[in-house]
Amino acid sequence: QGKFTLLRDTRTDGSFLVHHFLSFYLRAGCKVCFVALLQSFSHYNIVAQKLGVSLTAAKERGQLVFLEGLKSCLDLLFGEEEEQSGQPSPLQFMSESASNLKALFDFVRTSLTPTGSDSWKGPVLLVDDLSVLLSLGATPVAVLDFIHYCRVAVCSQLKGNIVVLVHSNEDSEDEENELVVNSLCHHSDLILWVEGLATGFCKDVHGQIKIIRRVSLELTAEQDHIQIYQYKIQDKNVTFFARGLSAAVL
Amino acid sequence: MAAAAGGAARGRGVTSFQRKAAAGSRLAAVVGTRPSVRHGQLLLSSGLPSLDCVLGGGVAVGTLLLIEEDKYGLYSNLLFKYFLAEGVVCGHHLFVASAKDHPDNILKELPAPLLDDTHRNELGEEATAVKSEDFQDSMKIAWRYQNLPKIEASPTTSTKFGHYYDVSKTMSPELSQSTKWYSFYLPEELSSQPKMKTCNMNSAYARLLHSIQRIIYQEGFDGSDPQKKQKTILRIGIQSLGSMLWGDDICSNDTPEDIHSLTKFLYVLRGLLRKSLSACIITVPAHLIQVLEYLQMLSVWILDALTAWKSDNNGIFSTNFLGFNSYIIFVIPPDIFLVPQSLLNQASNRGA
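Going down the list, the sequences are from chains A and B.
Per the numbering used here, the very first residue in the first sequence carries number 66; after that it's consecutive.
Per the numbering used here, the very first residue in the second sequence carries number 58; after that it's consecutive.
Honestly, I wouldn't trust all of these hints.
Simulated pairs of lysine-lysine, DSS-like, Cα-Cα distance not exceeding 27 Å [claimed, not checked]: (1) 254(B) <-> 136(A); (2) 157(B) <-> 128(B); (3) 224(A) <-> 124(A); (4) 136(A) <-> 288(B); (5) 254(B) <-> 167(A).
No lab work stands behind these hints: they were computed from the structure.
Kindly produce the complete structure, drawing on both the sequences and the hints.
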């Protein structure tokens, strides 16, 4: 409860973790607010169905609040003026000159604040992915402020969890992105760091995942626990195994 | 990979076996597409069957193929034209946007498709008849196959996936004019001054987005109007996006005025593509993919947004999927195909 999990990927695609957490929390009966900036709703729906969860059904019963970034930005750019009279678009920062993610935060807070009739277990905020916000013009400070506000609202006040995906690259020239990623790493309770193999593409091992439990945050003079596994993504699940011990080798 | 490409080249057009469509199949057949075996997405041919093999069957509908230009834009231009030519042959609609060459001229320079005998007679062109003799001469080993139709392609009724083109000849005007197409030529568009929302984007990009959205909406490619439901694909081609001619100094300036204009454009474009029956090819100036690392991070495989290709002067294309695969593009008129570089290295090692 009240945990901040950072999903980080380098030289590979970590979205399988996002799909996993989405179906995991939906199956657990939590109320999920999914800020889906990278893909369309049907993409996540197709994968979630393979994992045994229907996103449309979850949306209908109010368990899932889905912000489809691709659709919202189209409404923002091509929408009629009359539609703007209601709530401001969560992606308003794209057209406003101030890179202020307050509208996005308000959207998250209103969707996760429990109403009287809700019977869901803890709220969860899922973001895929934060690097998109930077590329759409938000300043790193605005993004970090947004995450901070979300942590206060979701983790502290509502005792919920946050899972955020970011991209990073070790020798990256994108300083803004690296700034955000490093800052988030310091504040996370759990980091799942997915990396492509340094040797390149392999059919049997798709990459390596580093699981870092930030025990050092608990001020008990312990170091962070780090575990490293390799993984292979299959059609309906992901298999993890110790390094060098993939099924193809054994 | 080369074997697969070669097999694809040899296998087509020789047998008359046609698979019957499954009775009661729910997918309304759209000309020139086929479903992917891996995940049921609808795929288009990029115009180069060997490139289709590399892309895992073809370009998926709703996605974007990004190509970094080589130094003089020769090879990237070839891929660009092949993509559009494939659209003409399949009867798709085209949307051509450019800031430098007028779209009319681009359409005049598309490569000519390799057609079979019956269609050639319909066109009644002598030039193509001469070419068929060249082909017949060359069949000294496979002479049994000499009299079979070579490649079947007919612009209005072609149901094949992937066609072959003659890179040394241009498409006949009748063929290229037979297709429905829309153009966006930036110097002409800039002269008109409609008010529009730009979301702090470069005005040229904003205009292009509005133009594309208007076509998608008006022609019914997004399925929003049941009356106007389209049964064909809109192939969008944008040339040299991000260059100075589009008013963006991101390639030429270390501290560009607006570094996010192009990424915003690509994001909105992805949104438009995802909800319509369309696919897009974009060529970008050299080194832009390095400048905008974000584009590299979008280079994800399967069900996804961009496939980014880099090229160097010798026409060596490399992609950045889960690893690094380098392909060499061979242009031997009339043909053009991709061979993985690793295979060539193996062959040369064995030879040595």
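Status of the hints after comparison with the structure:
For the given pair, residue 254(B) sits about 16 Å from residue 136(A) by alpha-carbon distance, which is consistent with the 27 Å threshold. Only pairs whose Cα atoms come within 27 Å are accepted, and residue 157(B) paired with residue 128(B) is accepted, the gap being roughly 16 Å. For the given pair, residue 224(A) sits about 22 Å from residue 124(A) by alpha-carbon distance, which is consistent with the 27 Å threshold. For the hint pairing residue 136(A) with residue 288(B), the CA-to-CA distance comes to about 23 Å; that is within 27 Å, so the pair holds.
A distance of roughly 21 Å separates the Cα atoms of residue 254(B) and residue 167(A); the hinted pair therefore holds under the 27 Å criterion.
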